[in-house]
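Chemist: Sequence:
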Amino acid sequence: VQKRHHTRFFPINARDGDRTGNCPSGTVVDSTIVHPFEFDFYLQSHPNLQGTSRPTHYHVLLDENRFNADSLQTLTYNLCYNFARCTRAVFIVPPVYYACLASRRAKFHASFENWTDTSEGAGVASYAAVKAELLKTIIAEFVRRPDLGRVGHSIKVRTNYFEITDLPFPKIYHYDIVIIPEVSPTSKTSNRRIIQEAENSFSGVKAVFDGHRNVYAVRPFPFGDAHNLEVTMPENDMNNVGIILPRVYKVIIRKVAEIDMREINRFLNGDCSISSNILTGIMALNVLIHHKPSKEHIKVGRIFYTNQGSQLLDGGMESTVEDLWRIHDRDRTKLEKCLKNLKIFVVLRFSRHRFRISKLTNTSASSTTLEVNGQQIDIATYFFNTYGRRLQYPFLPCVVVRNETYLPIEICNVVEGQRYMRKLNERQMADMIEFTCQPPQIRTYTINQGIEILNYRQNEYMYQFGFQISNDMVITQARVLPTPTLYYHPASKEDTFIPKDGLWNLKNKKVATGATLGSWACAVFGNAGMNIPNRNPPIQHCNPQGGIENSLKQVWVRAGNSAKSKPQLILCILPNTGAPLYAEIKRVGDTVIGVATQCIQGKHMFSAKKQYCANVCLKTNVKLGGMNSFIDPSQMPFIAQRPIIIMGASVIHPAPGEQNTGRSSIAAVTASVDAKAFRYFAAIRIQHGKQVVIDDLAEIIKELLKTFYQTCGRKPERILFYRDGISENQFLIVRENVIKAINAACKSLDEKYKPTITFVVVQKRHHTRFFPIDTRRDGDRTGNCPSGTVVDTTVVHPFEFDFYLLSHPSLQGISRPAHYHVLYDENGFNADSLQTLTYNLCFNFARCTRAVSIVPPVYYARLVCRRARFHVSGENRSNRDILEGIGSASYAVVKSELLNFMYFA
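Position one of the sequence shown corresponds to residue 1 (the working numbering), numbered consecutively onward.
One thing to keep in mind: the hints can contain errors.
To be verified - What follows is a list of derived Cβ distance ranges for each label pair:
hint, residue 1, residue 2, range
1, 517, 710, 18 to 28 angstroms
2, 560, 736, 45 to 55 angstroms
3, 393, 200, 22 to 32 angstroms
4, 5, 298, 41 to 51 angstroms
5, 298, 270, 29 to 39 angstroms
6, 562, 613, 17 to 27 angstroms
To be clear, the hints were calculated from the coordinates, so they are not data collected in a lab. Backbone N, C-alpha and C fix where the C-beta goes; we use that ideal spot for every residue, glycine too.
Turn these sequences into a full structure, and let the hints steer you where they fit.
Modeler: Encoded structure:
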């Protein structure tokens, strides 16, 4: 296999090229420019991204299997679709590609301490061997379920899963489709229309299409393993985003594989491990389920939308003709930002064309000119001369689309069904939450309505595949775990008690360990109308519009002078909920002065509720080193028996969109530092945007292990590591990163130090919901499943160790459980021990008197990530900088004085 050569191919007819003008994927040459009589050929197996594609040269040097040209060329090409890392054919056969990857990976296996430049490698003696456990791993398999949980009382719940009663059997045929010329790499709709027209040539075989290149059929096509056909599209059916597309397309169909569906049945029964055949089969079933609804409904990702029950979201931009006529430059910029990339369509001479808006002109249609036949002509005149259309509003600006094409704004129509990608404002967010926040009974009805709308029973594609789905929501067994006993200060009237429904309050209770607040001050931003005759502690009124850093420094100095000791806290009274003022206070307190800050809304000063005051006290106490409560040690034996450190990690990324390109991601790791797993310290890293693996994780863990030892006086013998924010296809790479980092950190502290490790992924971004069947007996006050509901059967992995836990009491709407998946376990957890420990930890959250939805170490890590966004330098940063983050160079570091406190609480 040779890639280092200069041979290139160019299609003579543009109809035979792909969208980049290159020869299409699957082009093979075995004459004219090959060896006169030896067995060799050139194969261009990959679709081109840019530039000129380079084919791969294959030369057979030994053959005892007696391949002919077709058999070896077809096999080689088909293998290029069997690559695990992407959904595209690759340029070289996977076994060679994987060998290249393994060689490059080995460069990273030089001893950790001696790394200099991984790009060139090191001496042979410096390379470490790959562990035996990984050598046989093709597709990752994680920890197997040790048993089913038994702790707690059983209840029956419905879930928004629907049973597949019949699977296609025994095979599904997988074909690769190439459309020439290519419409667009992202235009699924246009591709579907072409394949829908091509169905007439499939002799009654109902094939399903993913919109890109994959087609699946339950019977083989009548024309064999390969076929070329021409498709003629109806007039004006293919106009797409400003491009006038041809009507005739060449469709190249090649058989890729036969999917054995019997293996999927064995996998679901727990009789075999995951394999590439099973993954491909699951992908085929997903395409089958989505195929017909994708043609009938608006689709975003895997979600379908209908207009049934929809309502307008207020807060959009509305303009009259007069507004646009007299628009100012500042408003024009806002309008351009709102309209950028909006899809529009225009109808000219009975032809419909689609475009994306780039910007607006600064001049009106009657004043904006273009050159036609060497003469300057304004847009209004051009449209009258060319299309016979006299503009009604020639004084309005034009829309600019591709290649500086001008369109009068009055002829533009908005394409319906577009996804709104920008961040909603506070009012829109509140309206959206109110609209989508449905009680469980209504949500159940809505889900069943959705099944009726999708109408799978009348789906002719699913019928031909022999694929049937029940119309009834799945009923499964769940358990409600026992609530742990909480301990407060012995002097409390209620020093021990068991919360009910995941909720409690501080009535008749004192915090377990109260911090001493000796030196502090109050900064009042804005005029809150307060009359405070007692000026001890010092109170200073500050301007919320600017000079915040100087104001806080003055307050800090006054507090120190008054108490004759270093200030511990600045209490800040805010006039509103605006993000910039809050962010600046946190930036100055965390990264400039190094003092804990507690913000309070001014409106609560006049009608302070007990629960609000209690929550402020809880947060203040832990920021100063106190402990609010703890759980009965006998109910968490895993923590009580031997020293353990519980860690949580999270990474937040910039929002999608061109405007956030180049912005950084923020990673945070928190770790418990006491024997009761209540207090946590944190470490932050700023890293490249969209990166899920945490840079410098070994050094972070090393810092936190040192802190644990300094605080507790012992090394942790066990490590329980929770991580959130990753999807299933990232499990393996993140697990490798975490386990390797922990081992490297421990080894750097002590060569013989090897604590046992358990690594658990926490997922909240999923659509699984549970509904109690008997809401009076088994539901909470909102009709949701009660706090402590755990599900580890029916809707979980067939044999890996995962479970759903609904740990928090519901406030409104339908509760979303957290999904826990164990990827690595040296501590020998069984189902009951891990589920109970995870649930009990959710009562150990410092900021409120209620169980939280995810384990505190991960919750705290998320808080630390969000807090780090406030650490951008300067008072003039925008709201978007605060919400989305900026480049890593502009982030300030948290002061060392705060690192040993829960400043982020």
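Chemist: Evaluate each hint against the coordinates.
Modeler: Outcome of the hint check:
no., hint, verdict
1, 517 / 710: 18 to 28 angstroms, "holds (24 angstroms)"
2, 560 / 736: 45 to 55 angstroms, "holds (49 angstroms)"
3, 393 / 200: 22 to 32 angstroms, "violated (46 angstroms)"
4, 5 / 298: 41 to 51 angstroms, "holds (48 angstroms)"
5, 298 / 270: 29 to 39 angstroms, "holds (38 angstroms)"
6, 562 / 613: 17 to 27 angstroms, "holds (24 angstroms)"
When held up to the earlier numbered hints, the structure conflicts with hint 3 and nothing else.
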